[in-house]
Amino acid sequence: MPFNGPIIIAAAGIGSRLGQGRPKALLNIGGRTVIERLLTGCLKDEKDIRIVVGFQEQDLIDHVKEIRRDVIYVRNPDYRDGSTRRSFALAAQAVKQPLIMMDGDLLVAADSWRAFADRAAKVSAQGASSAERSLIGVTPVNSTDAVFVRTSGEGAEMKVEGFTRKEPQKYEWASIACLDSSAFTANTNYVFECLEPYLPLPAFSLNIAEIDTPADLAAAQEWLKKNGG
Amino acid sequence: MTTGFAFDFDGTVSTEELLPKLARELGIAEEMATLTKATMAGLLDFKQSFKLRCRLLDNVPISRVREILSSIPMCPEVADFIRERRNRCVIITGNLECWVGEAVQKALGCKLISSRAETANDRIGKLTYIVEKGPSLDEWRTEMNFDRVVAVGEGANDVEMLRRADIAIAFGGVHAPSLGALEAANYVVYQGEALCRLMAPL
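Respectively, the protein sequence lines represent chains U and W.
FYI, the numbering for the first sequence is 1 to 229, going by this note's numbering.
FYI, the numbering for the second sequence is 230 to 431, going by this note's numbering.
Note that these hints are calculated values from the structure, not bench results.
For clarity, every value in this text was computed on a predicted model and none was experimentally measured.
Do not rely on the hints blindly, as some may be mistaken.
Calculated lysine to aspartate or glutamate pairs in the EDC-like style (CA-CA distance at most 16 Å, straight line) [unchecked claim]:
| hint | chain 1 | residue 1 | chain 2 | residue 2 |
| --- | --- | --- | --- | --- |
| 1 | U | Lys-65 | W | Glu-422 |
| 2 | U | Lys-47 | U | Asp-70 |
| 3 | U | Lys-159 | U | Glu-132 |
| 4 | U | Lys-44 | U | Glu-66 |
| 5 | U | Lys-122 | U | Glu-132 |
| 6 | U | Lys-47 | W | Glu-422 |
Use the sequences and the hints to build the structure in full.
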């Protein structure tokens with residue numbers, strides 16, 4: 001079953017840590033762009049896709065339009081400030097129900113996405129509070145510039161207890177989460193910072209490859225061979 | 230919070246631009262295209278350009294224009310959206326009321342703000358009013374006392390309306406939005422269904 005709300009993909013940034021001079025969603029990995037892999041892979045059956053665009057927006061729109069005609073583009077003209085939180089906030093302004101947010105520089109294994117979206121659909125429909133309607137994506141540490149996540153419990157009981165850039169942990173923030181549309185109003189730079197007041201929050205371990213640095217890019221090629229997508 | 234929705238007509242609600250279609254039907258496509266090109270290049274402002282375009286058409290019976298207009302389908306999702314909220318929607322178009330008024334009233338039933346001309350013997354005469362979309366949007370907002378206004382358009386003459394709206398949507402359902410419309414927009418969509426999905430919760 002597709003998720004019963006919008007999937008918002010942040011793809012406005014410059015990708016300065018990677019230094020390719022292209023939006024990271026347009027990176028070519030194994031013959032196809034990252035965004036094409038997302039849209040034709042794990043997100044193929046999702047009904048409501050919204051992409052936040054900024055840096056080289058016309059190129060990105062022209063590319064995505066050929067893959068899928070029904071995408072809603074959210075413009076973030078202030079993309080140079082580097083705040084992904086602001087990108088999601090702009091998209092969330094036009095949304096009333098819970099949503100799934102994700103970065104546009106990820107590869108996600110299709111079965112892993114399906115399990116996440118199914119559980120997200122359940123918690124977002126049944127949760128009594130904003131925290132109970134949330135599901136925070138984490139992943140075993142695999143990127144070079146990680147935001148680590150302190151967790152408690154395992155499996156369905158796993159929770160996010162804190163975020164840290166300094167103390168290495170088993171998991172890192174996957175930049176994917178199911179949240180209320182009001183979750184992005186705090187004046188922070190990054191999404192994980194505006195989640196901090198609500199911790200602990202339910203966590204879900206995803207199989208993803210995130211691409212922030214040249215080393216991540218090489219690792220993503222390997223990940224792709226193993227996981228497809 | 231009450232929200233009003235303002236729509237451009239040509240290429241936003243309708244699936245084809247009226248004036249170029251008229252020109253083709255009447256065998257003056259080249260003349261019309263030349264004018265459009267000069268306008269796009271900034272050699273003519275919209276008022277001058279519109280006056281000249283009407284001049285090209287002033288021998289055409291108004292009834293014939295309406296007939297041609299009636300053969301242009303409207304975007305079904307957008308038309309439904311407007312019909313369901315007709316008291317909160319307005320069409321703001323540079324086209325003449327004597328051409329599009331009847332079709333808008335019949336098919337959509339919402340308010341229309343349009344240019345006007347004197348008419349006699351089924352022909353247009355002197356233009357008496359040419360719409361400026363930005364000020365028109367402001368007047369409508371004040372008259373209706375909306376808390377916020379959403380504007381939808383794609384052409385260069387929609388830019389002022391998009392800039393003054395609280396939420397601006399560039400709609401490329403028929404052809405790609407102009408660069409100006411794109412830069413004035415908060416959202417960009419290319420399909421009627423996506424446009425209505427975006428607007429429904431607003």
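Comparing the hints with the structure gives:
no., hint, verdict
1, U:Lys-65 <-> W:Glu-422, "holds (14 Å)"
2, U:Lys-47 <-> U:Asp-70, "holds (9 Å)"
3, U:Lys-159 <-> U:Glu-132, "holds (11 Å)"
4, U:Lys-44 <-> U:Glu-66, "holds (14 Å)"
5, U:Lys-122 <-> U:Glu-132, "holds (10 Å)"
6, U:Lys-47 <-> W:Glu-422, "holds (11 Å)"
In summary, this structure violates none of the numbered hints.
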